[in-house]
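Chemist: Bring the two chains, given one by one in their own frames, into a single complex with the hints.
Going down the list, the protein sequences come from chains R and G.
Following this note's numbering, the numbering of the first sequence begins with 1 at its first residue and continues without gaps.
Following this note's numbering, the numbering of the second sequence begins with 1001 at its first residue and continues without gaps.
Here are the simulated lysine to aspartate or glutamate pairs, EDC-like style, with alpha carbons at most 20 angstroms apart:
| id | chain 1 | residue 1 | chain 2 | residue 2 |
| --- | --- | --- | --- | --- |
| 1 | G | 1522 | G | 1511 |
| 2 | G | 1455 | R | 155 |
| 3 | G | 1544 | G | 1243 |
| 4 | G | 1753 | R | 232 |
| 5 | R | 100 | G | 1451 |
| 6 | R | 100 | G | 1296 |
| 7 | R | 311 | R | 357 |
| 8 | G | 1027 | G | 1085 |
| 9 | G | 1753 | G | 1684 |
| 10 | R | 311 | G | 1615 |
| 11 | G | 1027 | G | 1084 |
| 12 | G | 1727 | R | 265 |
| 13 | R | 100 | R | 438 |
| 14 | R | 98 | G | 1451 |
| 15 | G | 1482 | G | 1437 |
| 16 | G | 1753 | R | 246 |
| 17 | G | 1561 | R | 265 |
| 18 | G | 1522 | R | 465 |
| 19 | G | 1328 | R | 465 |
| 20 | G | 1544 | G | 1174 |
| 21 | R | 478 | R | 435 |
| 22 | R | 100 | G | 1353 |
| 23 | G | 1328 | R | 470 |
| 24 | R | 311 | R | 297 |
Derived by calculation from the structure, the hints in this document are not laboratory data.
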Amino acid sequence: MTNEDFLLQFETRRHFFQTCGLGLGKLALLSLLNEGRGVAAPAASGNPMQAKPGHFPAKAKNVIYLFMAGAPSQFELYDYKPVLQKYHNQVVPEELMKGKRFAFMDTFAKEKPKLLGTTRAFKQHGQSGAWVSELLPHIAGIADDITFLKGVSTENFNHGPAKCFANTGSTRFGRPSMGSWITYGIGSESNDLPGFVVLQSGPRGPRGGAALWSGGFLPSAYQGVPFRSGGDPILDLSRPRGISGESQQETIAAIRDLDLSQFTETGDPEIATRVASYEMAYRMQTSGPELIDFSKETKETMEMYGAEPGKASYANNCLLARRLVERGVRFVQLYHTDWDHHADIGQPLNQVTGEIDRPTAALIRDLKQRGLLEDTLVVWGGEFGRTPMGEVRDSGKAGRNHHIDAFTLWMAGGGVKPGRTIGDTDELGFSRTGDAMDVHDLHATMLHLLGLDHQKLTFRFQGRDFRLTDVAGNVLTKLFT
Amino acid sequence: MRSLLFTAIALASFVRAQSPDAVSLLKANCQPCHNDSSKASGLSLASHDAIAQGGNRGSALNTIQQAIEQTGALKMPPGRKLPEEQIATIRAWLANGAVFPEAVAPKDAALKRRKGADWWAFQPVKRVDPPAVKQAAWARNPIDRFILARLEKENLTPSPEASRETLIRRVSLDLVGLLPSPKEIREFVADARPDAYERLVDRLLASPNYGERWGRHWLDVARYADSDGYTIDAPRQIWKYRDWVINAMNRDMPFDQFTIEQLAGDMLPNPTTDQLIATGFHRNTSSNFEGGIDFEQYRVEAVVDRVATTGGAFLGLTVGCARCHDHKFDPISQKEFYQLFAYFNNVDEVSSEAERYDFNRPFLAVPSAEEIARKKAFDSQWNALSKELILYVRELAANRKPGEDPSQDAELAERVQNLRELRKREPKFTTTLVMKELPTPRESYIHLGGDFTRKGIPVQPGVPEVLPPLPPEANTRLDFAKWLVREDNPLTARVTVNRMWQEYFGKGIVESENDFGAQGFKPSHLELLDYLASEFMRQKWSQKAIHRLIVTSATYRQASKQRPELDEADPYNKLLARQNRLRLDAEIIRDAALSASGLLTDKLGGPSVYPPIPEGAMSVTQVAGAWPVATGPDRYRRGVYTFFRRSAGFPGLTVFDAPDASATCTRRVRSDTPLQALTTLNDEAFTELAEGLAARILKEAPEDNTERIRYGFQLAVGRAPRPDEEKRMARFLASETDEYRTNPTRAIELIYKGGKFNADGVPANPPPAKLAAMLPKDLPLEAAWTGVARVLMNLDDFLTRD
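Only chain G is shown next, with the shape it has when bound in the complex (with noise of 0.2 angstroms):
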């Protein structure tokens, strides 16, 4: 023992009188990535410790010599290769023991802080107070003072206050997504009460429309799709999951909770029935059923977008980018994102072609209570058919006559039948995907590369160093998940405030509101961002709190008029001084149309429905979708209730930026194309809301042209016509009218789509039941009306929240 101990340190001696140039060649070429605070690859090469231990593909000892001679795939360093000379001296180095002289090691105990720590985001957050300003008269609330302490520096004044019409349509469509009615228009106009518009904003948040609205925002994130994607994409139940989420919103889910159900509901001490519904947020990812798939491959790509989804909804940070290597600008390291991984890796679904039979699992049924007594009564249907038909069985047997063959009986054949026939029609229970653990978890490991099947080191579940640390024994999914709420994680308050504020604005206070790393936007208001991150946490997670803080500021209450000094100053609005005019979500454009018209089927909840869609529109993928058009009250639900397939996104939603579900989102881009011109315009089902829009404005409107022309922009846009536009209306009216009077039979056509009548009189498209309630009987009348609802539904102040 004794001779041992001194040959190690007759060797170290020796090596350290040797082999300085060994270690200064690797601290020249190799620290500068592989040192204990950026371990590139998870790679130290400051100690001899450190290289023992190695990195994502294990031990260095062995690798090292390879890398820099450049035999194998791996070749170091990138982009070039050491003289010969210094090959050698390192290769004798490692044959030697690879020995540090400890006067050459780091020490530096700053150098143990990982590069990127002290990178804003990373910080606590800090409540600070809000600043003092000048024109405190005009602050309503905390968020206004942040706002105009930023503009008095810059010299600039905020905006007044926008019009109490303005007003309401626009917290109404922030809010509810719905349309204010011309009577809840005048009412809020006419109430001098001082606290009128906090009354409005509580009634709207209260309203059932809130968890639709705001439920649709998360679905986003959750990208949330009927659709299995990929090659096959059939059909999927989750719409389960989707009402799990509107009913979250509406009874304001405190936020943590509302993390915890979803990200880890399953493993909570005896989960209810929606708290494993929840779990289907994790469930949205895509799933390939192509034959001859690997299916582990598949499998693999639904947990990495777990990580990635649960990094740019959570963290606001972009882990997905380090799946093939060490994050380039963020402290996250290729291991770490693989350690995330693992919390997400050990759902029971399938990973290989046996389990085929099994795709999707695992699921749940979740029968309504007509479906539970639907099914009962099959079932005692069911029992007592075979009861008599056993009974029947032994019947024949009993009665059998010697050389008769009892299976040939007709009666029992008939019977037999009968009962397959039933089981054909057995009730199926609804079911939702949803997340299991399995009892042993699958071992996880680092994918050289991002490549699955290159197998780097193993890894356990953890957190990123840079944040607060969970201990190690913490390692569930539920310790996860309870981890991001914590108080003192200093991203999820502030990634999800500022995802508000950006609905509210157009923009996030950080702009980049799913990079709150070193290649993001810093926060336009730091001190703002902070203060709502931790007024959140003080409001125990409700969300409804912070909605209800920032529509009643003075900020948000701005007018959103341009203003030519603030398009020197601040042209992309980054300050506030004024509101920003907003073009319409996808869905919110359908909801809009749908309330103007007075045809809305105001229902939540319930499975997906099939409005109108133009001809076509679901062939252009491998298994054409099958899209039965609803002609009932489903026909003119809500946006957010449109059945949505990946590979052939509803083409009205789609048109208008909504996502495809492939991945989260978080935030939707706004783009303005010719396409949706032709959607307003020419669609048929948008044409059928026209219809109604015109039906209600002849129906409620005094019988009077100027009068009718006011009611449809109250109804519209929320306002009366300026006198220029009152004017045009009512020539573009004139030549409408005169149109159909002249051509009554196109009235007819438009009306009838199509207007094509079968011998008894019959038309072949007749306007649902709902509509025609609404029709008055002069039709040219009608079609002329439908022409003025068309242009107030296609009217940019109509597609915009002003």
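Bound-form chain R, shown alone (with noise of 0.2 angstroms):
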């Protein structure tokens, strides 16, 4: 769609006139129809959100993205390093640290670093013969589903731009995130739910908040909704207390009713796209409520993904994640914090694992039972990868400093050829030795998978197209072929 196009269809809502040949007068007897029966929804369409094409045919329809805000460590899960073991304690060789900027510089100045070899068993599983390591067991269960990338690169070392270019190709602040890039370019299926959601779990948010999920300069429909976990999923979703269901339906009918008779008076459109909006917005306060009730899920179902009613957790997100693709939700997107292991990557990092491996492992395959792995694009990472380094906070304990040039990320469904592994590392998983890849060549990998093109899906702001690729992205043919 050209930036013409948009401006035409949601500046001044002609669309929605032409698109469902709708008059004013056919509005009105709607309206008339309707009188005394509540809200029925007449099928307006001034709605952003609305399902389209994209440039070609896609082999995904909705993605999860499973963001491990923090961090997590590849060679302690994915990336076998046994001459990492083997050197291990010793101290790092110059010329393999020049040139490199870190974080955290100074401790790595106080005292030379030394090569830091895993203390955690790994096998090779499935028919793939993938590497994952003890403490993944569940995931392990599925490597013939996914696909793994590693070598994986990124372009900043710190937390909150690394999360913000992760998402949305950039490290400043205030860009569209790739859940509204996709939003913008395609639509949702859903006509009662937010196009794009984002749930969190985890002892805290992830840094950067709201910039992590920004519709940036795209319209502000496309904006991710984070759910919250407890309550309401989506704020004000619930009529104010002391209000009966059939008062808010009476409120909601008025309004309209109102609305449209000033219609009829002003002709603008752009009351037509709100009285649409207001029945979404009931709509959805209906099918809210439907969408985080368990009660239907079966016993076995619950207990795969370790999932219980009420619970805010990673596991309660992944159940809700699949019920969200079920319904047609373009972009699911969790976060799940707690991944950064400077000064231990002893315990804590068991903790952690222990509470994603088996919610992961089940999503995987409920999605892929009921049919939607194969539409649904699974994608499991963090902003950047660990060094091989240990770093010494506390005596006694080692973690591991920030590494952007050599992680690890999977991603499994969605058109993506499972039970392999692309690109490689050297030895000590310095630097990578197999094919590049960087975080634009994901986000133009993945708008590949949902049918866009990443150079052509472009908006215009400030005198300049921008992607969310930028000026980069290539897009990684092998994951596909």
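Modeler: The following block contains the structure:
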């Protein structure tokens, strides 16, 4: 869609009439027909979230992005490095450090950093023979359903800006995030839920907050909608206390009738759009509670995820993610925090992997058994990886610093050929040795799978046609061919 | 000496004979971008001197060969490689001294002029007389003749003037952002004086609420927020700057002074406290305090943001595009970007980990009289207690018995502890972030590819060549600020009046309000834009003068009603044959609800406030923000005073497109989403205002349902209901009355938010005092009318200014 089309559609809403052939008289008639019947939904479509085709046929319809905020260690999970174990505790050779910038350089400046071999046991799993550590037994069990990307790189070594980069393709806050670009590009299949939903778990919110799901300069309809983990998933979804369901229905009906009267008076098509918005809001009030009601899920499903009704957890969010894509929501992003293991890569990592392992595997299995996996691209990963060198903050324990050159992500479903590993890293895990893959490439690939050409999905702002991939990005065709 | 000269001449003539090929190769392959007029990357390859002088990367004598051989990172020409024999020719030519035969060197003076310099926006503002029009009687002031002339050319007629009710609501919302009261409407409608409308406008322009309304527009530009942004996003104190803006607007501070004080108030001779506070404008940049960062990186980001903001706000140019490379469309080179950067690069901000403790410096203590008094009281208490302590210690020492340790004395320990406790209660002064220039400027250099770790050539402060020049010795931030508002600057006045215009009609005369460059829209009415810009300067940069001019025009006063014939001729209403209906800005939706409800606390300025917020709205980021909900008068302050956190903006504002303050915002989008409907329908803060509106209707209108419905319409939408509206609302009132008469407990649940009471019958969530004082005894009646009020406050007509 060109910007001109876009303006046409959303600034003047002429589209409303052209698409629906719904003239003034007809709307008024509908209003009359609905009198006293509460809110019925004329299929209005001033809706910016209306599903629309991309640039070419898509391989995936929806995305679930499992964002491990804080940056998980590839060395403890997927990137098996026996040589690193062999040289454990040796000082890092100068030439490997030359020209690199790290966070917390001062801790490295005090004492020459030493290599840190993992203490976790690794085994190969499935037909693919993928290496997965003992920390992720359930994910190991779905090794053949996923494809690992090793040696991925990013641009910034601080959490906030790197998270921003992973989501928006820019380290500067205020650019549109991938979920916004995607819903701007192809809308959403859901009529009564937001097209881009953000779920959170872990001890705190992700650093950067709303900037990570910002719509940036795109119309604000495309910004991510964070669901709360307790109570109503959406802010202000429930009617105020003391107002009954019938009363709310009557209220919305009265608003609609009076708005349509004003529409007749002024002829302003914006009013028709507002009527449609109120109708969708009304539907959301029904679909929202239904969405978070797990009572119709089987005991087996609940157990598979480790989900418990009413509890705020990653497990519940994984189940919610499946329910969201089932209902046509285009882009679901889960944040799980607490991966920033500087001081201790021991117990704290056991803890967080324990929280995500089972639900993550359950999500893939569940999507697969329901036939949703082929349409749903699942991505697992953080904003960067961690260093092959240890970082010693308290004596007796070691953690790992931020490392941006060679981390591991994985993808499943949505057209990605499963059971493979793309890319590789050197024996110490310092740099990539295989295919170059950076964040822009991931974005380009994700858009491609959804039927969007990352060079064509643009929005004119401050005199420039902006893209999610800025001026970079190569589609990683190896992933799906 | 003589022989050396001779050698040079000989060599030159030798080269002239041997190497025209190399020079034509340069001409064909390099000079399209690297010539004297459009110097890509600051580099011209049009003469030997130009090559030696070089570009952003320094002298090009050594880099050309590498670039064309494509052995390093720099590969030229872009996207292709010259054939080997051509490279060899250029290599030999370079080895021979890179001499240009005179005849080949471009001499054309016209080429000297920068490409793109003839663009309309770079030409001086030209005041022309308003054109002649046929329907001269329609025009109320010169604006109208510019508009009408164009309409007449298209055979279109303007719309009639809007009704008096519409006019007072429109101009009140536009100038002060509050609804007119029913009394004000009544009086204006009845005012038969010929200048009744002009009197209304003057009254509104003189109201302090004007500063709150128009100050907010400027705060968008200034990317004002109450927190640091980035990862930690801790609260910061800079609300004094917000108040400075509001006061400056109210005093109608001339825009040139307004500009100079904000950009360089600290560099004025003997600056006043207010002039220092004003420099908070460019301290509204985000600042990163995450562990493990390179502070210099984020300091540089802030400086880049200052350049981009200055470009968008004053020059209407997308100078930010030239951060990484020369601007693709406008005559701004990467070098010029860093010349602008150099003006803002000398602020005494932290740039290394060692200075972490001093994060966010420089700031200024701006204590209120009360704070000073409290500090004084504290100091005297502190001094008295410490004096006593010293005396006591002396006494202890004097009376010491052998073998006793005076430091073990119990009273001494208590006295020391008391002092420690007291220190914790030391009153703090309000502070605000300001600019302060370093004594020695930082070195500024070109950041190759926009990366500050890749140093290009050093640059000095300077303005883009395409704009009026500034002498090289005038190289301070203050010089630059004064240059921005020089009368020969073709952009600042145009950009500023255009932004005012856009608030009144929904879009500017130049629709791309922050891009007056080649990629932007051309002005729909260039002569009108220039008339307004010149009038702005003629009126000594008075913003109120321009506001008055615009809102008293017949163009502004037109009805907004759609006309089928215009749909075809002018679908975007660019020619303004009618007004536009505009959805209210985020803060104004809140303010309108506050003014309709009668709950508004109309207090000017002060620290930011915490109105009720949906649960969980502040916990979406790493550090959950504290939100101590106001229960007193601050609960009902205008939206401009709501505490704004960058990483978790106030939901009731961001849902209606309030900017996130991550970058300058010169125009808000107006979206329409179901989440907005959920906010005004269900948010308890909004419902509370509906309760206020209901109570006010019951209190102030005659005791009759029809009268009350009419009064409700007056309060909320500023007009009487049409018969169909009145009938529909009466039917809804009947069903609501039935609802709450049948279920009176629901009325208690509504007004007492959940209706929970403890054992002694004390409500858990009583209505706040101000609202409680308005409530009638008959709660089901109040509840039923709250229903009516909710409908009124959700009408498109309420959320829109006609």
